[in-house]
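Participant: Residue numbers (the working numbering), protein chains in the order written: chain A, 7 to 172; chain Y, 7 to 172; chain W, 7 to 172; chain X, 7 to 172; chain C, 7 to 172; chain E, 7 to 172.
Keep in mind that the hints were calculated from the coordinates and are not lab data.
Heads up, a few of these hints could be off.
The list treats identical chains as interchangeable, and a pair is accepted whether it falls inside one copy or across any two copies.
Simulated crosslink set (PhoX-like; lysine-lysine; CA at most 20 Å straight-line) [claimed, not checked]:
(1) K33 to K119
(2) K170 to K82
(3) K82 to K33
(4) K155 to K170
(5) K147 to K119
(6) K82 to K147
(7) K155 to K96
(8) K119 to K170
(9) K119 to K96
(10) K119 to K155
Predicted, not measured: the structure shown is a model, and the values here were computed from it.
Next come the chains, spelled out residue by residue.
Protein chains: 6
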Amino acid sequence: MLYSFINSLDKLLKFKSAAAHCDIPCKIYDPSTAQIAALSVIRFIDIINELEQPLSVANTAQLARLVREKEIHASKVKEEVRVIWGDYFKQPQFDQFPDTHALVHSIMLTASKCKQHIDREHAEQLLALVNQFADSFWQTKGIATYQAKSPYPPSEHVVYPDLKSA
Amino acid sequence: MLYSFINSLDKLLKFKSAAAHCDIPCKIYDPSTAQIAALSVIRFIDIINELEQPLSVANTAQLARLVREKEIHASKVKEEVRVIWGDYFKQPQFDQFPDTHALVHSIMLTASKCKQHIDREHAEQLLALVNQFADSFWQTKGIATYQAKSPYPPSEHVVYPDLKSA
Amino acid sequence: MLYSFINSLDKLLKFKSAAAHCDIPCKIYDPSTAQIAALSVIRFIDIINELEQPLSVANTAQLARLVREKEIHASKVKEEVRVIWGDYFKQPQFDQFPDTHALVHSIMLTASKCKQHIDREHAEQLLALVNQFADSFWQTKGIATYQAKSPYPPSEHVVYPDLKSA
Amino acid sequence: MLYSFINSLDKLLKFKSAAAHCDIPCKIYDPSTAQIAALSVIRFIDIINELEQPLSVANTAQLARLVREKEIHASKVKEEVRVIWGDYFKQPQFDQFPDTHALVHSIMLTASKCKQHIDREHAEQLLALVNQFADSFWQTKGIATYQAKSPYPPSEHVVYPDLKSA
Amino acid sequence: MLYSFINSLDKLLKFKSAAAHCDIPCKIYDPSTAQIAALSVIRFIDIINELEQPLSVANTAQLARLVREKEIHASKVKEEVRVIWGDYFKQPQFDQFPDTHALVHSIMLTASKCKQHIDREHAEQLLALVNQFADSFWQTKGIATYQAKSPYPPSEHVVYPDLKSA
Amino acid sequence: MLYSFINSLDKLLKFKSAAAHCDIPCKIYDPSTAQIAALSVIRFIDIINELEQPLSVANTAQLARLVREKEIHASKVKEEVRVIWGDYFKQPQFDQFPDTHALVHSIMLTASKCKQHIDREHAEQLLALVNQFADSFWQTKGIATYQAKSPYPPSEHVVYPDLKSA
Numbered sequence: 007m008l009y010s011f012i013n014s015l016d017k018l019l020k021f022k023s024a025a026a027h028c029d030i031p032c033k034i035y036d037p038s039t040a041q042i043a044a045l046s047v048i049r050f051i052d053i054i055n056e057l058e059q060p061l062s063v064a065n066t067a068q069l070a071r072l073v074r075e076k077e078i079h080a081s082k083v084k085e086e087v088r089v090i091w092g093d094y095f096k097q098p099q100f101d102q103f104p105d106t107h108a109l110v111h112s113i114m115l116t117a118s119k120c121k122q123h124i125d126r127e128h129a130e131q132l133l134a135l136v137n138q139f140a141d142s143f144w145q146t147k148g149i150a151t152y153q154a155k156s157p158y159p160p161s162e163h164v165v166y167p168d169l170k171s172a
Numbered sequence: 007m008l009y010s011f012i013n014s015l016d017k018l019l020k021f022k023s024a025a026a027h028c029d030i031p032c033k034i035y036d037p038s039t040a041q042i043a044a045l046s047v048i049r050f051i052d053i054i055n056e057l058e059q060p061l062s063v064a065n066t067a068q069l070a071r072l073v074r075e076k077e078i079h080a081s082k083v084k085e086e087v088r089v090i091w092g093d094y095f096k097q098p099q100f101d102q103f104p105d106t107h108a109l110v111h112s113i114m115l116t117a118s119k120c121k122q123h124i125d126r127e128h129a130e131q132l133l134a135l136v137n138q139f140a141d142s143f144w145q146t147k148g149i150a151t152y153q154a155k156s157p158y159p160p161s162e163h164v165v166y167p168d169l170k171s172a
Numbered sequence: 007m008l009y010s011f012i013n014s015l016d017k018l019l020k021f022k023s024a025a026a027h028c029d030i031p032c033k034i035y036d037p038s039t040a041q042i043a044a045l046s047v048i049r050f051i052d053i054i055n056e057l058e059q060p061l062s063v064a065n066t067a068q069l070a071r072l073v074r075e076k077e078i079h080a081s082k083v084k085e086e087v088r089v090i091w092g093d094y095f096k097q098p099q100f101d102q103f104p105d106t107h108a109l110v111h112s113i114m115l116t117a118s119k120c121k122q123h124i125d126r127e128h129a130e131q132l133l134a135l136v137n138q139f140a141d142s143f144w145q146t147k148g149i150a151t152y153q154a155k156s157p158y159p160p161s162e163h164v165v166y167p168d169l170k171s172a
Numbered sequence: 007m008l009y010s011f012i013n014s015l016d017k018l019l020k021f022k023s024a025a026a027h028c029d030i031p032c033k034i035y036d037p038s039t040a041q042i043a044a045l046s047v048i049r050f051i052d053i054i055n056e057l058e059q060p061l062s063v064a065n066t067a068q069l070a071r072l073v074r075e076k077e078i079h080a081s082k083v084k085e086e087v088r089v090i091w092g093d094y095f096k097q098p099q100f101d102q103f104p105d106t107h108a109l110v111h112s113i114m115l116t117a118s119k120c121k122q123h124i125d126r127e128h129a130e131q132l133l134a135l136v137n138q139f140a141d142s143f144w145q146t147k148g149i150a151t152y153q154a155k156s157p158y159p160p161s162e163h164v165v166y167p168d169l170k171s172a
Numbered sequence: 007m008l009y010s011f012i013n014s015l016d017k018l019l020k021f022k023s024a025a026a027h028c029d030i031p032c033k034i035y036d037p038s039t040a041q042i043a044a045l046s047v048i049r050f051i052d053i054i055n056e057l058e059q060p061l062s063v064a065n066t067a068q069l070a071r072l073v074r075e076k077e078i079h080a081s082k083v084k085e086e087v088r089v090i091w092g093d094y095f096k097q098p099q100f101d102q103f104p105d106t107h108a109l110v111h112s113i114m115l116t117a118s119k120c121k122q123h124i125d126r127e128h129a130e131q132l133l134a135l136v137n138q139f140a141d142s143f144w145q146t147k148g149i150a151t152y153q154a155k156s157p158y159p160p161s162e163h164v165v166y167p168d169l170k171s172a
Numbered sequence: 007m008l009y010s011f012i013n014s015l016d017k018l019l020k021f022k023s024a025a026a027h028c029d030i031p032c033k034i035y036d037p038s039t040a041q042i043a044a045l046s047v048i049r050f051i052d053i054i055n056e057l058e059q060p061l062s063v064a065n066t067a068q069l070a071r072l073v074r075e076k077e078i079h080a081s082k083v084k085e086e087v088r089v090i091w092g093d094y095f096k097q098p099q100f101d102q103f104p105d106t107h108a109l110v111h112s113i114m115l116t117a118s119k120c121k122q123h124i125d126r127e128h129a130e131q132l133l134a135l136v137n138q139f140a141d142s143f144w145q146t147k148g149i150a151t152y153q154a155k156s157p158y159p160p161s162e163h164v165v166y167p168d169l170k171s172a
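With the rest of the complex left out, here is chain A (with noise of 0.2 Å):
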């Protein structure tokens, strides 16, 4: 088929990144919301994983609650991953970090794989993306990062902004 009907994209795109910085509100961007909510995902891995076996009828029933907590919540991190990447960055955050796409687009695979298993590996590693996004949009603010064990459990490592030096 010939495709004809948009002549050229890039004539779309050229028109998106110059209007970029005028026509879209100051908003409220922060990752700590997808942060906390892949931290949720790896909590309830681990209580998955405590489950006595075999499964007693309540304990199935509290399997299939702790599967539905961990869909939504991995579910979270896509779309408050996906608002920041489609929202706030544009061109000058890409310049700043070319791999963007890249990496929001292996938040959403990694987080599909926290749904459809139970291994805590991809939890982690889905927590790692997310930091290392939370990491490159901080910087692109100018805000200084810092990690730190979150106050609570699963306990692990979290890339926080230095508000107090700031």
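Got chain A sorted already, so can you dock chains Y, W, X, C and E onto it with the hints?
Facilitator: Coordinates of chains Y, W, X, C and E only, in the frame set by chain A:
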């Protein structure tokens, strides 16, 4: 009417507080989501008040969007605070902060005011109350807090956990 | 940390209770939705406990459905009660029922137990507490109540407003 | 087009009605939720019509909130009625109330009108139709009904099941 | 009970059908969303039935996910069909397809069966009924249809509008 | 800050692309839902621009409804495209369409513009981009496409898969 089928509310409540620490799975609670939502309410009100008057059709449409987001984020404040209060706070936390019930109820009323009005004052009060709640929360976990301006508009003071020194 | 940016919670709360009766639109509150949700939680637990064991794949699937509905309805209890408590109850209602904060908090904890477990006892307690809340609510409005069995399973006693005699 | 892959709709429908009473779990149906939503639609329209004109920015914001709530509650009427009709009503109930399909369809159309307009008349019709539906429902269960004014605004007549005499 | 406050349902219904064509905004209706959801229900059932038995914890978790998706998509079928039936179908369409009420009701019951069971047969019936509904819909708009296999699993026959020849 | 806890994003990404084809269940992807949502955005903007001015209260209410629907459908475009891009597109598809990341990001930005404005131009661009995405998608599956006018307003050109010839 003689309300007889609950012999004693006290009996029920006693059961509850005795059972508190063992039958709830350790969960991830973080008031930052409520704080971001409260900041967002201030921000939407600021943008509403910057709309040029008299309202054009385009600006009436924009107002409808901003009101919708304000509704959603004020409800999110209520929801997030309700979860931490209703799931995490139990007798030991209430012993430490006996006014928590009143504080949480006040957050509910103030969030309602933020939905009903477009005055910045209510939204500033909401953030102050949610910060107060966050401060209590971190104290019950033995984590020091500090204040800093949010690294995005509306650049208001927010209570953060001091994880760097932890 | 010296928490200084709210000089006084009391000041805020005072403002709130003074402003209570004029700035809230008259709304429609009805605890029946919470009561139906609490009945549903009992019902789902009954059906869960009737599943033939060991669980076949079909029954494991059915269990997952029932757990999901139980989650949704227990959350609905929390949400509906939170709305009436957080929007409608103010100083005059608290004067009439000083234990309301504790009752509402107890509903939150008990609804959480209903999510975590498949024991009928927690769900019966939840209904009892929600009935207690409904009874208080109708009394604050000067409407008498009566008890009757719900006209559908699980046929438990429910507090209804006596509108016929009104 | 010759539509051949369903040989006979009748065959499918026959299967359906034969299978009706054994394979559906006994559920909790209660039209009160739809009735409360219909009352709410009337109420929101009343408040809309009380807004001072010409609309200030604050009142335009309030109107946007009221419209949103009206949308949500009119959709809730549709959803709640669809569930009872689509899950509970089967051949025996249709034998008793042969006009139920038409009544339910009429509720859908009238709820749409309530979304599209701000006239009280449509909302009153919606409540009347939902009351009619509730009355049929309770009759199919052999439960008498009575009318009373709702114990909150808009104080319209509502059909309630007579559980006291049951 | 003498149900008196609606003098006549006919009167209401008459009003409705007379008003049908002018007060509804022209909207976008497309049964394809319901058809995709029905295909998805078949697909989830296929994947459920491919799970290795006895179910491991990982597969019990996967089953919970599949059941949740099946619930969501079966509900989506109900919702999408209800919207087209309840918003678009009016007297002229019912004249053309007098069995539409029964067809739509049958879709509701069959979608419920798909939620309650994991048998492919119910899901195939659901797709057949939704295709029947789609076929009627396109005919009321004067658009021919054709059947083709869906270009993705479960590769079942779907009724499509013939837009190429239009 | 030295960001050390991810040694190498490349390592993670490599793992990902290697694992791509075996651990994702075959799913049902169909861009038609995004295309219908994009058409709806154009339609809502058309109806908004037909509202009589100056806006009466009834029309201000109608505008609030239209804006809400526009928000919901523009978000739906984002969500549906994100799912196909984030779940289905992997290395082989990116090899075939190397600009997909940029195209998807452009859809996000354009959908945001459609939310912020009431100009038809943005919505037409959105549809063009979503059509471009749909065309790529069908090509990756080896299915030819054709253009036809949507069989409902706004009667814009849409890319459809050519299933008849398949």
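Participant: For each hint, tell me whether it holds in the structure or not.
Facilitator: Quick rundown of the hints versus the structure:
no. : hint         : result
1   : K33 to K119  : between (31 Å within a copy, 14 Å between copies)
2   : K170 to K82  : neither (28 Å within a copy, 27 Å between copies)
3   : K82 to K33   : both (19 Å within a copy, 17 Å between copies)
4   : K155 to K170 : both (17 Å within a copy, 9 Å between copies)
5   : K147 to K119 : neither (30 Å within a copy, 23 Å between copies)
6   : K82 to K147  : neither (23 Å within a copy, 26 Å between copies)
7   : K155 to K96  : neither (31 Å within a copy, 25 Å between copies)
8   : K119 to K170 : neither (36 Å within a copy, 32 Å between copies)
9   : K119 to K96  : between (28 Å within a copy, 14 Å between copies)
10  : K119 to K155 : neither (24 Å within a copy, 29 Å between copies)
Consistency with the previously given hints fails for numbers 2, 5, 6, 7, 8, 10, ordered from lowest to highest.
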